[in-house]
Structure formats: structure tokens, C-alpha cells
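Colleague: Here's the letter readout for the chains.
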Amino acid sequence: MPDIILPINHLQSSHCETGVVATLLQSKGIDMSEPMAFGLASALTFAYLPFVKISGMPLIAYRMPPKTIIKKVCKKLDIELETRKFSNAQDGMQALDDELAKGNLVGLQSSVYWLPYFPEDMRFHFNAHNLIVYGKNSQGEYLISDPVFEYPVTCAAEDLKNARFAKGALAAKGLMYVIRSTPSHIELNEVIKPAIKKTAKMMNGLILPYFGLKGIRHMAKQIRQLDKKTPKYARLYLAHIVRMQEEIGTGGAGFRFMYASFLEQAADICQIPALNKCAEHTTLVGDLWREFAMDAVKYCKKRGDISLGDIAKKLEQVAEEEAKLSKMLLSAIA
Amino acid sequence: MKKDEVPQDNSKSYQGQNKLLYAVDDSGHYHGVKSSGWEVENFATQLAVNDLNEQTSQALSDAHSGLISSLGYHMLARRFDVATLAAASGFFQWQINRHLRPAIFLTLSDKKISRYCDTLKISRDALFSLPTQ
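As they're listed, the protein sequences go chains H and F. Under this note's numbering, think of the first position of the first sequence as -1, with each following residue one higher. Under this note's numbering, think of the first position of the second sequence as 85, with each following residue one higher.
Only chain H is shown next, with the shape it has when bound in the complex (with noise of 0.2 Å):
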């Protein structure tokens, strides 16, 4: 079988989903960039969640759940998406050649941990990644454009079966999309406003004390507790905040900057100066992510005299300052 490489052009992200969704759009002539993206589908959110374990620890999310992006973005822009999920691995294989035959780019949700070309390190249960196939090679390899790296990587075929048939939670179950038809104009003007509106709304919090603001203040309580815990699980808890917040491809902060480069860009579009002066304070809100993340890891090394009182009094700032955030961005569109 003759090599199939299909024109791409990749572009390396900060996140998986908005890296895939951007450089989808973009193959097909859309101006996206990967912030715009999060930031249409009203991605930022805050969520503790102690019912869902990540090893032995509760799962903290920065973004909205998998799939909201590409979803949100296409229904908005009223772009055409076929998804498709399958019962048995041969034919999701077939079906991902026959695409490819056909000359589409195809999206993937995979598992990062069957993935080879990832650092050790990075590899771990996580079955919600996402990635582009752009052609297959005569040896039969998959050539891929994953977002969260420099350069596009090949991937073997049997690894890659594994990767998007892994079982477990948020299992793929071979998902793949492909953008079917794209409307002639886009007018993101008209989309931004209400994607905004409901992040500020979001922010501050749903019924449940565990989303939004109520979330990072009850993250916070938590962490003053931890001293009643073992000191190397209080070390391994808070190591774990950082990893969710900086680690998973969050584009640094929890996805802050990322969020606070949107708004600069909706200000542009939209020309609204006040969305200016909300990306600025995004980027102080994402900063002070960054000052918790330092004293939470000072803290595990036993440096210096920070206590769990002076973390959790750095994160309790951190809401505060997301509380004039939402507002500030409710008063900007208003």
C-alpha cells in the first residue's frame, strides 16, 4: 500500500481537545485559534471532585468535562461533526483507513497510556486524550499530529488499537470524528458574548460545593485538614493538585492563561476594551495559581517555615480574586 499523508498543518498546543478542535477548523480554512476554541466553548470551570479517584486521589478538573469542546465549538459555529464509537477494534480500524482513504483528516480519543511516543513519566490511565491521524505510512504506521507536541509522531498500528480501545473510565471505545461540512462565514462576534456570560455564571459555582468558587474554598478547607492525615500523604496530595493544575496540559495555571489570552482576543473581535482589563486580571489570577503551586511544592520539599495554613490562605485569595473575575466579566458584556 502506497504511503497517505494528507496536507496538515500541526500546531502545537497547550491541551489536547482545543489543540485537535483548532487545527481541525483551521485545515479547513476557519481563523481558530487553540484559546479561542476554549474559550467559545466556555471551557474554564473549577471542579473537586472526591467521588472520582484518581489513584487513591480525588479527581481536580480546570476544564469542562471531555468532548465538551469539540461538541460545543462545531454546534456553535454550525459546523458539521460525525462521531463515530465501536463495538469491535477491526472495524474501527477499517473505519479510520477508509477515512483517510478518502483524503479526511480524523480526530481520536485515545488513551495516553498505550500511546509509546509519550515520556514515561506522562504515562498514565487517562483514557480522554485526543490527537489527529494525517496518513499512514507503507509500513502501515499512523502518522499523527498530537497537539501537545512539538513536532507530528507515528505510531504504530497495533499500539494505536490499543490506545483507542483501552477500557475503563471515559473508555473511548474507538471514537473518532471528522468534520463533514463547514457553513461559508463564521461570525464569532455574535458566539462570544453568551460563551462568556456563561463562565462568569459558572464561576461562581453550581448547587454543589464542590464546583467553582465553593470548590477552590473547599480545596482549601481540605488542605488545612491535612495535617490530621500522614505526613507523605499530605505530600502526595498536594503534588497531585499540581500535577492536575500544571502537569495535564493545562497551557499553565489551570488553563488561566490560556482563558486570559481568549478574552484579549474576544476584546479584539468583539471591541470591547473592558475585556482587556478582564484578561489582565486573569492573568493575576493565574499568577497567584502559579504562587499556590510553589508554595504547595516548598511545602512537600519541608522548605522554609510554610505551614498548610499559609497554602490554603493562598488559595482562598485565589477565589477571591476568580469572584471579581466573574464579575468584572459580567459588567464587560453587559
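Keep in mind that the hints are not guaranteed to be accurate.
Simulated DEER-style distance windows between Cβ atoms [claimed, not checked]:
{"#": "1", "chain 1": "H", "residue 1": "Leu47", "chain 2": "F", "residue 2": "Gln139", "range": "20 to 26 Å"}
{"#": "2", "chain 1": "F", "residue 1": "Pro186", "chain 2": "H", "residue 2": "Ser305", "range": "41 to 47 Å"}
{"#": "3", "chain 1": "H", "residue 1": "Ile3", "chain 2": "F", "residue 2": "Gln139", "range": "40 to 46 Å"}
{"#": "4", "chain 1": "H", "residue 1": "Leu47", "chain 2": "F", "residue 2": "Gln177", "range": "56 to 62 Å"}
{"#": "5", "chain 1": "H", "residue 1": "Thr228", "chain 2": "F", "residue 2": "Gln92", "range": "30 to 36 Å"}
{"#": "6", "chain 1": "F", "residue 1": "Gln92", "chain 2": "H", "residue 2": "Ala87", "range": "37 to 43 Å"}
{"#": "7", "chain 1": "H", "residue 1": "Pro229", "chain 2": "F", "residue 2": "Pro186", "range": "44 to 50 Å"}
{"#": "8", "chain 1": "H", "residue 1": "Gln223", "chain 2": "F", "residue 2": "Pro186", "range": "37 to 43 Å"}
{"#": "9", "chain 1": "H", "residue 1": "His183", "chain 2": "F", "residue 2": "Ser207", "range": "19 to 25 Å"}
{"#": "10", "chain 1": "F", "residue 1": "Trp178", "chain 2": "H", "residue 2": "Glu118", "range": "29 to 35 Å"}
{"#": "11", "chain 1": "F", "residue 1": "Thr216", "chain 2": "H", "residue 2": "Leu282", "range": "52 to 58 Å"}
{"#": "12", "chain 1": "F", "residue 1": "Ser111", "chain 2": "H", "residue 2": "Lys165", "range": "28 to 34 Å"}
{"#": "13", "chain 1": "F", "residue 1": "Trp178", "chain 2": "H", "residue 2": "Arg82", "range": "32 to 38 Å"}
Honestly, the hints are just simulated from the structure, not real lab data. Heads up, the beta-carbon is just placed ideally off N, CA and C, and yes, glycines get one too.
Dock chain F against the given chain H, drawing on the hints supplied.
Modeller: The following block gives chain F in isolation, referenced to the frame of chain H:
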């Protein structure tokens, strides 16, 4: 975060790769900026990875001395714990806990063993054997 504050700490866990962060330039505009790592993040990653490695080598030594079945080692070596292995294999957690007992693991049917082999992507022979310590 300013562009020149983007950390370039050559994190071990990145294996020489760079990742993209967003930061502001001198005129206050946002750009994607490559980072070779952040010492703070790297410390958190290594702490977690070291903990997993410790658990895995403990399981290896426990399996060698017959305290747990070889499944206990292979589960951790593949970065699973009982909860995630249950979700991925379809066994209940209490079943896996039973299978971690050497005497019970040896009596499992071929069907159950192949479910583990399939989930862990490992041959039957490898599942029943252990690397040297």
C-alpha cells in the same frame, strides 16, 4: 506570567521535549511560548512517579516471597491499581483482591487469565513469571 518568566528548567519528565504555555509579551499581548519544564511541576511529577515505583518494587518483593500473586506486581508495573484495573478488566474490585492471593490466582480459569492478559497486554507466561529483583 510574562514571556521571560516562562520557566526553562529542562524537566526530566519531558524527556527533552518542550510544551506550550501562554504568556504575555512586553506590550501585554498573549502568545504561546515553549517551555522545557518547570522545576515546581517536575518535583510534583517525580514525587508521584517515585511513589508508584516504590509501590511496584514492594509488590515485586512481596510476590517473590509469596505474599501476593504475580498479578499484584504486573498490575502496578502497568500503572494500574485495583480500582482502575477493575474498571478496565470488568472484574469487581473484591475479585481482584482475591486474585492477588497466590493460592487463588493459580486456580483461575483460562478465561479469567486471558482477561487479565488482554487488559495488561501481556502474555500468559509473562503474567505468571516475575523479573528478578
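Colleague: Each hint: holds or not?
Modeller: Against the structure, the hints:
For H:Leu47 and F:Gln139, the hinted distance range of 20 to 26 Å is satisfied, since their beta carbons lie about 24 Å from each other. At roughly 45 Å, the beta-carbon separation of F:Pro186 and H:Ser305 lies within the given 41 to 47 Å, and the hint holds. Checking the proposed 40 to 46 Å range against H:Ile3 and F:Gln139 shows it holds: the Cβ atoms sit about 43 Å from each other. Evaluation of the 56 to 62 Å hint for H:Leu47 and F:Gln177 yields a failure: the beta carbon distance comes to about 19 Å.
Remark: the range hint 30 to 36 Å for H:Thr228 to F:Gln92 is upheld by a beta-carbon distance near 35 Å. Taking 37 to 43 Å as the suggested C-beta distance range, the pair F:Gln92 and H:Ala87 conforms, at roughly 41 Å. Between H:Pro229 and F:Pro186, the C-beta spacing of about 33 Å breaks the proposed range 44 to 50 Å. Between H:Gln223 and F:Pro186 the CB atoms are about 38 Å apart, so this pair conforms to the stated range of 37 to 43 Å.
With their beta carbons about 56 Å apart, H:His183 and F:Ser207 fall outside the hinted range of 19 to 25 Å. Take F:Trp178 and H:Glu118: their Cβ atoms lie about 32 Å apart, and the range 29 to 35 Å holds. For F:Thr216 paired with H:Leu282, a C-beta distance near 54 Å keeps the hint of 52 to 58 Å intact. Our hint of 28 to 34 Å for F:Ser111 and H:Lys165 is violated, since their Cβ atoms are close to 49 Å apart.
At about 35 Å, the CB distance of F:Trp178 to H:Arg82 agrees with the hint of 32 to 38 Å.
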